[in-house]
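Q: Here's the letter readout for the chains.
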Amino acid sequence: MYLQILKKDLRRKKTMNMILLIFIILAATFIACSANNMLSVTTALDSFFEKAEVPDYWFCTTGKKEVEKYEHLAKENQYDFCQQEFIQIDPKNVKVNPGKREGREFQYSKSVCMSQLKDSTKLFDKNDKVIEEVKKGEIYLTADLFRNSPDHFKIGDEITITNGGKTRTFHIKGGMKDAMFGSSMLGMTKFLVSGEDYRYFNDENVSKFYSVMTYTEDGKFLERFNKLELNLFFSVNRSGLQTIYIMDMVTAAVMLVVSICLILISMVILRFTINFTMSEEFREIGVMKAIGICNPKIRGLYITKYFAVSVVGGITGFFLSIPFGKLLLQNLSQNIILPDSSNYFINLVCAFSVVVIVLLFCYFCTGKIKRFSPIDAIRNGENGERYSRKGIIHLNKSRFPAVLFLACNDILSNIRRFAAMLVIFTLGILLIIIPINTINTLKSDKLLSWFSMAESDHVISVEQLFDTNCNNRAFVEDTLEEVKGKLSDKGIKADVFQEIMFRTNISYKGKRMSSLSTQGAGGVTTDMYTYLEGSAPQNNNEVGISHIVSDTVGAKIGDTVTIRNGETERQYMVTAIYQTMNNMGEGIRFYQGEDLDYTYAAGSFGIQVKYTDNPDKKELEERKEMLKDFFPDDKVFTPGEYIGYMIGGDVVTKIQDIKHLILAVILCINTLVTVLMVKSFLTKEKGEIAMLKALGFQNSSLVVWQALRIGLILFFATILAALLSTPLSQVSIGPVFRIMGAQNITFEIIPLEVYVLYPVIVLCVTVLAGAMTATQIRKISASEASRGE
Amino acid sequence: MKTILEVKNLCKTYIINKRQNNVLKNVNFTITDGEMVAVMGPSGSGKSTLLYTVSGMDKITAGDVYFQEKNIAKLSAKELAGIRLDEMGFVFQQMYMLKNLSVLDNIILPACQSKRNTASRKEKVQFGQDLMRKLGIIEIADNDINEVSGGQLQRACICRSMVNHPKIIFADEPTGALNRTSSEEVMEELAKINKEGTTVMLVTHDIKVAAKCTRVLYIVDGNIKGEYNLNRYNSLAELRERERSLNNWLMEMGW
Chain A
375 MYLQILKKDL
385 RRKKTMNMIL
395 LIFIILAATF
405 IACSANNMLS
415 VTTALDSFFE
425 KAEVPDYWFC
435 TTGKKEVEKY
445 EHLAKENQYD
455 FCQQEFIQID
465 PKNVKVNPGK
475 REGREFQYSK
485 SVCMSQLKDS
495 TKLFDKNDKV
505 IEEVKKGEIY
515 LTADLFRNSP
525 DHFKIGDEIT
535 ITNGGKTRTF
545 HIKGGMKDAM
555 FGSSMLGMTK
565 FLVSGEDYRY
575 FNDENVSKFY
585 SVMTYTEDGK
595 FLERFNKLEL
605 NLFFSVNRSG
615 LQTIYIMDMV
625 TAAVMLVVSI
635 CLILISMVIL
645 RFTINFTMSE
655 EFREIGVMKA
665 IGICNPKIRG
675 LYITKYFAVS
685 VVGGITGFFL
695 SIPFGKLLLQ
705 NLSQNIILPD
715 SSNYFINLVC
725 AFSVVVIVLL
735 FCYFCTGKIK
745 RFSPIDAIRN
755 GENGERYSRK
765 GIIHLNKSRF
775 PAVLFLACND
785 ILSNIRRFAA
795 MLVIFTLGIL
805 LIIIPINTIN
815 TLKSDKLLSW
825 FSMAESDHVI
835 SVEQLFDTNC
845 NNRAFVEDTL
855 EEVKGKLSDK
865 GIKADVFQEI
875 MFRTNISYKG
885 KRMSSLSTQG
895 AGGVTTDMYT
905 YLEGSAPQNN
915 NEVGISHIVS
925 DTVGAKIGDT
935 VTIRNGETER
945 QYMVTAIYQT
955 MNNMGEGIRF
965 YQGEDLDYTY
975 AAGSFGIQVK
985 YTDNPDKKEL
995 EERKEMLKDF
1005 FPDDKVFTPG
1015 EYIGYMIGGD
1025 VVTKIQDIKH
1035 LILAVILCIN
1045 TLVTVLMVKS
1055 FLTKEKGEIA
1065 MLKALGFQNS
1075 SLVVWQALRI
1085 GLILFFATIL
1095 AALLSTPLSQ
1105 VSIGPVFRIM
1115 GAQNITFEII
1125 PLEVYVLYPV
1135 IVLCVTVLAG
1145 AMTATQIRKI
1155 SASEASRGE
Chain B
41 MKTILEVKNL
51 CKTYIINKRQ
61 NNVLKNVNFT
71 ITDGEMVAVM
81 GPSGSGKSTL
91 LYTVSGMDKI
101 TAGDVYFQEK
111 NIAKLSAKEL
121 AGIRLDEMGF
131 VFQQMYMLKN
141 LSVLDNIILP
151 ACQSKRNTAS
161 RKEKVQFGQD
171 LMRKLGIIEI
181 ADNDINEVSG
191 GQLQRACICR
201 SMVNHPKIIF
211 ADEPTGALNR
221 TSSEEVMEEL
231 AKINKEGTTV
241 MLVTHDIKVA
251 AKCTRVLYIV
261 DGNIKGEYNL
271 NRYNSLAELR
281 ERERSLNNWL
291 MEMGW
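As given, the protein sequences belong to chains A and B, one line each in that order.
Counted from 1, the first sequence has number 1145 at position 771 by our numbering; the numbering is strictly sequential.
Counted from 1, the second sequence has number 119 at position 79 by our numbering; the numbering is strictly sequential.
Because the hints were derived from the structure by calculation, they are not lab data.
Glycine is no exception: its CB is placed at the ideal position from the N, C-alpha and C atoms.
The reader is advised that the hints may include incorrect statements.
Subject to a maximum C-alpha distance of 35 Å in a straight line, what follows is the list of computed DSBU-like cross-link-like pairs (lysine-lysine) [claimed, not checked]:
hint, chain 1, residue 1, chain 2, residue 2
1, B, K155, A, K771
2, B, K207, A, K1153
3, B, K118, A, K1053
4, A, K1060, B, K114
5, A, K382, B, K99
6, A, K1053, B, K58
7, B, K155, B, K232
8, A, K1058, B, K118
9, A, K1060, B, K174
10, B, K232, A, K1060
Examples of chain B residues toward chain A, derived with CB under 7 Å [what the hints assert, rightly or not]:
hint, residue
11, Y92
12, D98
13, R124
14, L125
15, F130
16, F132
17, Y136
18, L144
19, P150
20, Q153
FRET-style restraints, in silico, Cβ to Cβ [what the hints assert, rightly or not]:
hint, chain 1, residue 1, chain 2, residue 2, range
21, A, L1097, B, E109, 57 to 67 Å
22, B, N61, A, K1153, 12 to 22 Å
23, A, L384, B, N61, 23 to 33 Å
24, B, R59, A, R1152, 17 to 27 Å
25, B, G294, A, L733, 56 to 66 Å
26, B, W295, A, T678, 47 to 57 Å
27, B, N271, A, L384, 51 to 61 Å
My request is simple: use the sequences and hints to build the entire structure.
A: Structure follows, in structure tokens:
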């Protein structure tokens, strides 16, 4: 008997049972894959660093003497350390597939270094296997360069390197996952060659730098290390090194937000569906009670049914979660090794949890059975709803057309019924808005000031690699004059300038740190930069410091700090605090007139061009092409493009890929949710629809009524998402920018794109899905109005 | 008098589990303007099906139904909806109304949807209120539909059926769910509406209800077996006599 009722129920309420099953499958899939992905993403860097044996402290210097100074300290304190030598290579001396038809220049203009396996941290190939050997003539590139370079490298491609008058051709063996040099944020890429090849290039004439890695848990290490006041061009501790991967973590953060939203969506869907399907059962519950079946037996019947459906859904969801999870993760960074995600125990636990959640929901929903008398269940609870109040708007006072009024009134008079949809749509729109805001911020010109650069119209990628033996100042001045002269010859007036970075040490009241400093060379003044507090340095003895430097040494505006540049140590007054995402937030800005020792110049940003004759957009495009003609060996960027190039252009591409994936996922979710919900509504509102048809409402009007409800919910969801997007962007993505040193973040919001374009795409697809489903109204005959609801 | 509804060889067949069920078999009858016609017959004889097919709510298997000389068997779903909205009114046994609307809003809903009804929203509301006043339910205008009695709700349904000034009202057992007092009140209202010129066709099991009509069609097994004319009685005052004579006729028909 029990089984008979169950079988008949499953067959008779096929539509609702199918809807429930599909939603359970969806929930199990989302929850299982999201939980697994969350675990992978949050533990990824730690596990990668552990595998790669990344040191606790790492610094790089060009001076052998500096290394010797450190060796003395390390031996004295018994620090475990190792050093590795790197050869610096000019990217212009690298050719790809030379002599072949597809031969070309190397499309990379940042620093390139070459090393061998000896004394290296562990490096991994694309299959996450440790690289044990590099044969003569083979070369590995960092995974980021191999995968994302405009050179589109393939295994087997040839690379010819010329350095110090020697040339050798290599065959690319593949990309390597390198914890130290893997992130594009480092501004340097690494070639790994065999020991023999390395020795071939290594002689006294080539530029080299030394990487020193220390493994220690000594709390006083940093204090002792800073006291050495070494001239370093890079130093970082292990947690600092993690922040270099911040851009990879931006994509991970986006993935985390997606996962959390998908879990929330699943929960909302489950609750809605179970409540909805249970409410359909109330009349039957009443009849069963009336004929004397006791409460526990009735409850047991439904729990058995939901158990069967949820087990099928849970198992199906578990299997679907595996490929879906992989699909979501495949866009995450391929620079790092993700923890082994083929352990599907989490997926299994999550799928099982979904079954338990369904049964718990069902248990609590069926709790109402006890409270209802048979007649209550038959009469009032035929749909589980009680009508405590009518709509809050009135047709007789409204000017809305009837159909629009009905749609609005339905939502307003039964908000709970549409709440699930509102939450799902809001989360969906948020999932789209947050990555778009992030992308637009990363692409915006405002990032130029976040990198402590002055505003300009174009940037030429002529980054200087300074040699300690040359007259660097004259070299910079000559280069800037050359650019200005070329522009002037064409009758174009422009300020031409460049940010020069210096290796400096700053100290204040006994606290000291080494930090890169910047000074504008050429036609730029300190008042052209943006500061958080205070005013631009106006004299030679004034500086601005970044808030990270300010926090580290404890100096505030008005304080006098000591800064050492090479052999010179001077006192400076702090006049401004600024934010910079350069060098992980560490920075000091000197007045343009201050005479700094260019022997200790560490490098520069590109040459910036700011036109003084206010050219329009079209003219700017033409001038960009002209600059390209002037400097055929270099790249010419707009400020936004340059920032993308600096932080690793692939980050924007990566998030853009994720954005497209999210958009596709959201459109699928919305379509599915809309189709299933509209189907549920049609089942439930069959009587009302038949009555409206009997009254003379056309099918098209009724379809519009159903679609309008979806459209209105989506409209409200867009407003809600728009309101929530800024605080949620700050909460989810803001910390990433903050880690990089940007304290005061205002996201670049393009209203037309964020609040109009994408919501309209989602609206069109969702409403279309709703309208298409609602066309089933045609199957409901007006005469069904006589057969009861 | 002008014919408002003419039914010729109407057939309606349902196919349930691959079995053909001929509910209506070559039904023929006409209704003239201003008539009040009751359809009676045993359960399952096809009364309601007849009402729904001639009103365009259900599809016709064969035959023709001319409503104001238009063959509704040949009309599209859209055209049929238009006719139902503007030229027909419906009253069901169950008092179907939208649960989220007040009684007055439910009544004026068809008027607000009608494109042919060119009155302003204010005028439509006014007319809805006039109808409610006429049927004695104006005090429940702003009430929720679960706050009123079945009789009041059925009268509200009659108001709704009248709101677009229909040519004909179809009522499917309009008093079937009401007690005797409410039932009499509702029938009085329908009779009044008919007296004012609106044609009424209703299905009923109740002799007292049918006795208020001008003509009674008796249907058995999907065929009109006979019809009884009550026009010879001039007024409703002779109700008892009408009921008795109708009862006798129905007995002859096998009721």
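Q: Do the alpha carbons of K232 of chain B and K1060 of chain A lie within 35 Å of each other, as the hint requires?
A: holds, 33 Å
Q: Next pair to validate is K1058 of chain A with K118 of chain B; report whether the Cα-Cα distance is within 35 Å.
A: Within the cut-off at roughly 24 Å; holds.
Q: For the hint on L125 of chain B, just tell me whether its beta-carbon gets within less than 7 Å of chain A.
A: L125 of chain B check passes; min Cβ-Cβ to chain A is 2 Å, inside 7 Å.
Q: Hint validation: F130 of chain B versus chain A, beta carbon distance must be below 7 Å. Holds or violated?
A: holds, 5 Å
Q: D98 of chain B was flagged as interface toward chain A. Is the shortest Cβ-Cβ separation under 7 Å?
A: holds, 4 Å
Q: Take the C-beta atom of L384 of chain A and the C-beta atom of N61 of chain B, compute their distance, and say whether it sits inside 23 to 33 Å.
A: holds, 28 Å
Q: Could you grab the alpha-carbon distance between K207 of chain B and K1153 of chain A and see if it respects the 35 Å cut-off?
A: holds, 28 Å
Q: When you take the CB atoms of L1097 of chain A and E109 of chain B, is the distance between them in 57 to 67 Å?
A: At 59 Å between Cβs, range holds.
Q: Take the C-beta atom of G294 of chain B and the C-beta atom of L733 of chain A, compute their distance, and say whether it sits inside 56 to 66 Å.
A: At roughly 58 Å between Cβ atoms, L733 of chain A and G294 of chain B fall inside 56 to 66 Å, so the hint holds.
Q: Take a quick look at whether K382 of chain A and K99 of chain B sit within 35 Å of each other, Cα to Cα.
A: holds, 30 Å
Q: Given L144 of chain B as an interface hint, is the shortest Cβ-Cβ distance to chain A below 7 Å?
A: L144 of chain B check passes; min Cβ-Cβ to chain A is 5 Å, inside 7 Å.
Q: Check the hint pairing K1060 of chain A with K174 of chain B against an upper bound of 35 Å on the C-alpha distance.
A: holds, 32 Å
Of the numbered hints stated above, none is contradicted by the structure.
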